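Enquirer: Chain by chain, the residues run as shown.
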Amino acid sequence: MPDGRVSSAAANGSSAVIAMRAVTKRFGDLQALGDVDFDLRPGEIHALIGENGAGKTTLMNVLYGVVSRDAGTIEANGKQVDIRTPQDAIELGIGMVHQHFKLVSTLSVVENIVLGQGGHVLVRKRRLAGVAERISELGERYGLRVDPWAKVWHLSVGEQQRVEILRALYRGARVLILDEPTANLTPGEADGLLEKLKAMVRDGASIVFITHHLEEVLGSTDRITVLRAGQNVGTLVPADTSTGELARMMVGRAVSLGGRSRDVAALGVEVAAAADRPAAQAAPTAGSQAVLTVERLRVFSDRGELALDGLELSVAAGEIVGVAGVEGNGQAELEETLFGLRKTAGGRVLLDGVDVTDEAPAGLLARGVGLIPSDRYRRGLVGQLTVAENLLCDRIDKAPVGSRLRLRRKAILARGADLIERYSIPASGPAQLAGTLSGGTAQRVVLARTLSRELRLLIAAQPTRGLDVGAMESVWEQLEAARRRGLAVLLISTDLDEVLALADRCLVVYGGRVIAQWARAQLNRDAIGLAMGGAQPGGRGGDGTDAGLEAVTGAG
Amino acid sequence: MNWNEVIGSSALVPLFSSGVALAVPTATAAVGECFSERAGNLNLGVEGMMLSGAFAGFIGTYYTHSVAVGVLCGIGAGVLLGILMAGLSVWLKTEQVINGIALVLFAQGLTAFVYGKLFSTSSTPTISTPANLHIPLLADIPVIGPVLFKQNSLFYIAVAAMLGVIFVLYRTRFGLSVRATGEDPAAADAAAISVDRVRWIALLVGGATAGLGGAVLVVGQLGIIQTNVTAGAGWIAVALVIFGRWNPVYVILGAFLFGTTDALQLRIQAASGGVTSGFPYEFFQALPYLVTLAVMVAVAIGARRTAQPAALGAPFRKEVAG
Amino acid sequence: MPSICSKCLCICGLGLALVMAGCGSSSSSSSSASSGASASSTTSSSSGPLSVGLVLPCPTNDLSWCQQGYQAAQTLQQQGLIKFHYLANAPQDTASASQIMERYAKAGDKLVIGHSSWQDAAFAAGKAIPGTDFAYGGGGQTATNVATYNEPIYQAGYLAGIIAAGISKKGKIGGIAGPDVPLCHAELAAFDAGAKSVDPSIQTTNTYDGDWNDITKGKQATLAQASQGADVFLACGGGPASGMVQAIKQENLSGFGYVADMSSLAPKNVVGSIIYNLVPYFTAMVHDVDSGTYRPGKAYTFGLAQNGVYLKLNPSYAVTKIPASSTAAMEKALAAVKAGKLTVPNIGS
Amino acid sequence: MAVAVSEVAVSRRPVWGKRARATINSLVAIILALLVGAIFISIAGASPLPAYRSLVSGSVGSEFAIGQTLIQAVPLLVIGLGLALAFRARVYNIGADGQFYLGALAAGAVAIGLPGTFGPLLIVISLIAGALAGGFWGWIVGFLRARWAVNVVISSLLLSYIATYIFTYVIRRPLRDSTASGLLGKGIPDAAQLPLVSGFGVHIGLFIALLLVPIVGYVMTRTPFGFRVRMLGMNPDAAQTTGVNSGRLIIVLMVISGGLAGLAGAIQLAGVADRLDPTLSNGYGFTAIVVALLGRLSATGVLLAALFLGALNAGGQAMSINDDVPYAVVLAIQGVFVIFLLVADRLARGR
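Protein chains in written order, with my numbering: chain A, 73 to 628; chain B, -4 to 317; chain C, 2 to 350; chain D, 1311 to 1661.
Incorrect hints may appear among the rest.
Calculated Cβ distances over 10 Å to all of chain B for the following chain A residues [said to hold, decoys possible]: (1) G215; (2) R439; (3) S500.
Chain C regions said to be covered by chain D (calculated; three or more residues, Cβ under 8 Å) [to be verified]: (4) 87 to 94; (5) 140 to 146; (6) 173 to 185; (7) 264 to 277.
These are computed hints drawn from the structure, not numbers from a lab.
Just so we're clear, the structure is a prediction, and the values are computed from it rather than from any experiment.
Built from N, CA and C at the ideal position, the CB exists for glycine as well.
Just chain A, same shape as in the assembly:
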C-alpha cells in the first residue's frame, strides 16, 4: 500500500537499512565497481561523492536493479535480498531519481506516476483523481508542489525532478536515491531541496545523495562516502573533514591545480574570492566593437511557448560573456537560435554588424561562428563514425581531407591523428568510434573540431556538464585561450561556479529575458543566485525557489 509518510517502523534499531557488500561490476574490460561496500543507516542523508566515472551511479543502479552486479551481496533491513529489476527494488521500498529523468514527456504527471504500477486494469478518472490528491498531499508535506494533471513536457526541469521524487515517495520508498539532484537547480533551490530531504528523513526515510558539489555535502548530510575509480576510498562524517580533504580523496591527488581559486570553485568552494583574480586585464577595453549583437530576440520553444522574449545581449572580441540561469529559462533556445538551428519569431542577430538572423548553420560556420553544443552526444558527435571523421566532418569536402567529389581516407586519418595530438585527446586513435568515448574525451573532440576552425565567435553551451575535474580543467583553459586569441566567447551555463570562474561579464536569463548583469568586478554569488530565481536586483522579488519556476512555465 503506497504511502508517502514513511513508517518509522522500517527504521528501527541501528542496523543498516541497506548493506552492500563487495559489489563488483565490469562493463567489458572496464572495472566499474571493485568490491565496493556501502552502508545506509536508517534516517540518514548519505552523500555519495566522486568524480564522473568513479562508479557512483553504477553502484546505485545496482541497488535499484537497473544494472546487474557481477559479484557481491545486498542486504535490506538485515535480510539478504536479490534485486534483479527496478520492480524488485520498488517492492523493497527503494526509490531512485535518475540524473536524466525517466519520465514519458507526452504523458501527464499522474499517468507517469501510475505507469507500470499494478492495480486495476482500468485507469479510471476517479482513481487518477485519487492519485492526484495523494500527489498534492505529498507535495504539500514536503514542499514539492506540482500540477498533477500537467503533461510532463510542459514542466520545467526542477518540476520534473519533483515528479520523480514524488513518484518514488508515492510508491512507498523508504530508501530514496537521488542522482545529482542539485545539478540543475539554483543555489536557492538546492538549499530548498535539502530542507525537503531533511523533512523526509524526519519521517524516517533514508536518503542516498549523489553529487560532486562538496559544499552542500558538508552542509547538510550525515555521512559521506567517497568513490574513486570504482573503489570505496572511505566513509566520513562532515564534522571531521574538509572540502580540501574530500577533493583530494575524489581526485586522488592534492588539489593544487595551479593554485588558482577557480579550480577549487569547481569543487564547490565559495568563489567570491575569484572576483579579484587577475583575469580583469584580459577584459575588453570599454566600447570595443561588439562581435555578436542580439536585439529583442523572440523565439518559440517546441511547446509553442515564447522561450526567448525580447532577449538582448552583446559580446565583444576578447571577452567571455557568461549567461547564467536555471535550466529551462531559454538557454537551449538561445543556443539553437544563435547557431541557426531554430527560427526566430522576432528580433535580430548581428555578427560584426552584419544581419545573420535565421542564417543556416552552414553559413554561420563559414562566417566564423563555432558552437560547443550543450548536448554533445545529440548535437556534437555521430557515435557510429570514427573520431577522425567527427573531428573533420564540418570540412570534409575541403583540402587536405577531401574535395567536392572525393574523400581522402588516409588524409582524414592523418589529419585526425594530428588534431588528436594537438588537442591532446585521450582517444585510442583516429579510428576509434566516437560512440565509445567517455564524456570528457567526447567534449575534447567537439572542442578540437570547433576551435581548429577560423573563429570570430565561440558559443559554449554547458561546456563542462557531467565532466570530471580533469576534463573541466582543460575545457576552461581552452575557453580562456580562445579569449586570449581575441575571440568573442558566449558561455551559456547553468553551473554558476563555471560562470563565476570564467566570465568577464555575467548575465542572468530568466523567463527568456536578461534580467540582470554584472561586470566581473561586481560579481556576487548570492545576488546572482537570487536573480536566477527571478528576483531582479531591487526588482520584483521571489522566494528564490518556486516563484522562478512558476514564472517560467507561465512564460509565453
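Assemble the complex: chain A is given as a structure, and chains B, C and D must be docked to it using the hints.
Expert: What follows is chains B, C and D alone, placed relative to chain A:
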C-alpha cells in the same frame, strides 16, 4: 451535370452509406495499426494481414455457414501473421520496413494458392452477407440514422472493435504502457514495463483488427472472394495512421474522408456522363489520394510539433552501461 | 542502419545457391526432367493431341476471363484435340509474361496461348522461338507465328440492351466497367444502342472505376448508379462484374453476367450472361496448327454468328417478368445478325 | 527458428569464431527456408527436389536462364540503388513504383514524339527524360518534407497512386494504341529501343544498371555527399550542427531515388516492353525496397539482392512450368525466402 443526383438531399444517405462501407474495413485495420504504432511497431504488413483475414473469414463462413466463425477465422489469421511479424520485429529485431513488405508478398502468394486449391472451377463460391439490422429509434434519425444504424452485424462488430481499441489505448493501464513504450521505451522500462511484451501484444492487436477488417470487407460486404480482394486497402490503412497523426479518432475520420471522396467520385463520374463527358475519369479516381495528401500537407503546415511516437520503428535494447 | 557490410548476405545468397545446386547436380537439364502433366506434354508430337501451353493472368476459377479460357482448353482436351498445361496467376508485366510463354515453348509446347492482351510478350516470345506458334488475347497486330483472338462481346451486349430496355422500370440502365478500353467501351455502347433500338427514351449512365479486379469499387459504383435511378446493369471486367452482381443481389435489381455464366452468384437477379465462348477460337487455332495453316498469324474473331459470344438467359431470374416482346425483339435481332442483315455498331471509343 | 536458436547456443563455445557462428546461423536459416518451401511445394502436390532443381537451373542453369534472371534483376537493381542511397539518410521513399511509371511515361512520350532522325541519340534523350520525370515526382515528396515536414512514407505512397492514374490516362487517351482492344499505349520506335546483348537475350540496360553499381557505391562511400547522407541518417542533429543542410539534402536524395526509379522505368520500356504498357511494373517499386534493405544499403549488397530476387522470379517460373507448382505457391515461397534471409542476416550479426 445534375449535382442533385450527387449531393442532393435524397442522394446524401446513399452517398454516406457508400462512404462508410468503403471506409469501415480500412478504418478497422488502420485503428489497429495505430495501436501497434503507438507501441513503437511500424507494421507495413497490414495489406497482407487484411488479405489473409479476408480469405480466412470467407473460408470460415463458406464451410460453416456461420458468420461468427468466419469473423473469428479472419481475426485468427490476422493474429497468426501478427505473431510472425512480432517474431521478426520484436524478437529478432530485424528491419521492420522489410518485415512488413515480405509479409505482404508471403500473404498474397499464400492466399492466391489457397483460393486456387480450395475452390474448383465448377462452382464459384459465394456466401450470403448478413442482413442489415435496424437499430430502433436511432435508425430513424435523418441521414445519420440510415447511414450508421441500418448496417449489418459486422459493421457493428467493426465499430465495437475500433471503440474497444481506443478504449484500451486511452483508458487502461495496458494502453498507458503502450503509449509510454512507443514514446520513451527507456522510461517505460525504468517503470518496470516489459517493452518487448507490450510490443508483442500490440502487434497481435494490430493483426487481429487487420484480419477483422479483411473479414468485414468480404464476409460483411462482398460475399465473394478473389485474389488480392483487398486491392491495396491495407496500404491506405498505413497511410491513414500517419494522416491521423497517430490519434485513432482522426484515423477513423480520415478513413471516412477517404471513403466518402471515393464514393463521391463514382457518383460525379456517372452523373457527369462518365467517359462521354471527355473529362478524364482518372482524375476522379485519383481524387481520394489527392484530397488525403492535401489535408496532410495542410495539417503539417499548421502543426508545430510532430505527433509521431518517438520510438516508432526502433527496436528496443536495454542499454548495458549504468 | 549499419553501413557497408553484406558479407552475411553473400553467405546467405551463395549458401542458398549452393544448397540448391546440390539438388540440381543430380540432373543435367531441368526442362527435360519434370513431373506431372508437363512430362507427357513435353514428349507429345504433332501426331497425337497437340501440346498446348496456356498462360492465365488470373485464377482458373475467377468465374470470368480466366475460367472461360481454362474450361475451353479442358473441353478441347476432353475432345482429345490437345494436351495442355497452364500457369495461373501469372505476373502481368511483359518481361515475365514473355519469359513464361518462351519457357512453355522450350518445354516443348507447339502452341502457346497468352490469355491476356500480351501482344508484346507474344511477339518477343515468337521472335525468340520461331519454331513455336503463339497467340494472345484482345486483338492487335499479328506476326508470322503470332496470332491474336478478339472477342466481339459487344454483339452480345446489344442483345442484353434489348432485354434491359424491356425490364427497366425507371427507364434508366447502367454500365459498370474497369478501365475505358475499346473492349468495354464497345460493349457498353452496344448495350445502350440495343436498349435504344426498342425504346429510344432509355437513359444510360456508365461508370469506369479503372480497375479490372476491384470488386468493392464495382459494387459501390453500381450502388451509386442505383441511387441515381438505374435498375438494370451490364458490367465489363471481372472485378466490376462480380461487384455489380453483389450489388444487384443486395438491392434486388437486375443485371447481366459478364464473360462467364454468373447466374449462380445471384440466381434471382442475374437476367442472363453475355458469354465469351473460347472453344471455337481454340479449336480453330489448334486445327490451323495441325494442318500447318497457322502462319502467318491471323486475328481470330467469332461473333454471335459463330457462337463465339452469345447471350445466355437465366431461367430462374425473378426480379420481374421479361416481356415476351423483349425476348422476341432479342431473338429477331440475333437472327438478323446471324443472317448478316444487322451489324451491331462497334464503337471502340 | 527453434533450430536456429539452438545453433546459436551450440556455437557459443569459445572455439567458434564470430564468422563461423554467423555462417552457421545463416545456413541454418536458409536450410529452414528451403524446408518450409518444400512443405509448400508438397502441399501443392509437387515434389520438392525436382522443383528446387528447376528453381536453380531455371535461374542460373543455362544462358537463357541467366538472361531471364538478369532481365528480372535490372529494374530491381536500378531502383534499389536509389532507394539504398535515400534509406541511408532514413528517407523512406516507398513510392518508387509511381516514379517508375512516370519515368516510363516521359521516356515513351519523348521517344514517340521526337522524329526518328535522332537515331541512337533518341535512346539517350528518352532515358534522360525518364530520369527527370521520376526525379520530379521524387522532388515533390522531398520538397513537402523539407518545407513542411510532411511524412515521406505517406506522401510518396499517395503520389505513387496518383502517378499510376496519370499513366493510365495518357495511355488511354493521347498515347493509346488504336489497334489494340485492351488498355495499351503506343509502341516506341525501333530507334528508341535498347539493343540486345547477343546470347543472353538481355538488353544493354543491364550495362547501364551494372555501371550504376560502382558509381552509386563510390558516391555513398567515397564522397563528401555520401558522408553527409550517412551523417544525416545516423544523427540528423549533429549533421545539421556541423553544417549539413538537411532540407536540401533530403530533396536531393528524393530526386536521385525518384530519378533512378524513373530511369528504371525508361529502361524497362525501351529494353523490354517497347510500348507504354499498364503492366510495365511487376511491383518492382516495392520489391526494390526489399532489395535495398536486404542489400544492407550497400551498392554491392543491392547488386547481390537484386540478382537473388531476379533469380527467384526467373527460377520460380521454371519451377511452376516444369514441375506444376502453382505460381501462387512460388510467390509465397519468395516471401518465405525473403523472411528467412532477413533472419539469417540478423543471426549472422548476432541478435
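Enquirer: Hint by hint, note whether the structure agrees.
Expert: Hints and how they fare:
1. G215: holds, 25 Å
2. R439: Nearest chain B Cβ is 29 Å from A/R439, so the label holds.
3. S500: Non-interface label on A/S500 holds, nearest chain B Cβ at 18 Å vs cutoff 10 Å.
4. 87 to 94: holds (count 7)
5. 140 to 146: holds (count 3)
6. 173 to 185: holds (count 5)
7. 264 to 277: Per the Cβ count (0), the hint is violated.
Violated hint: 7 only; the structure is consistent with all others.
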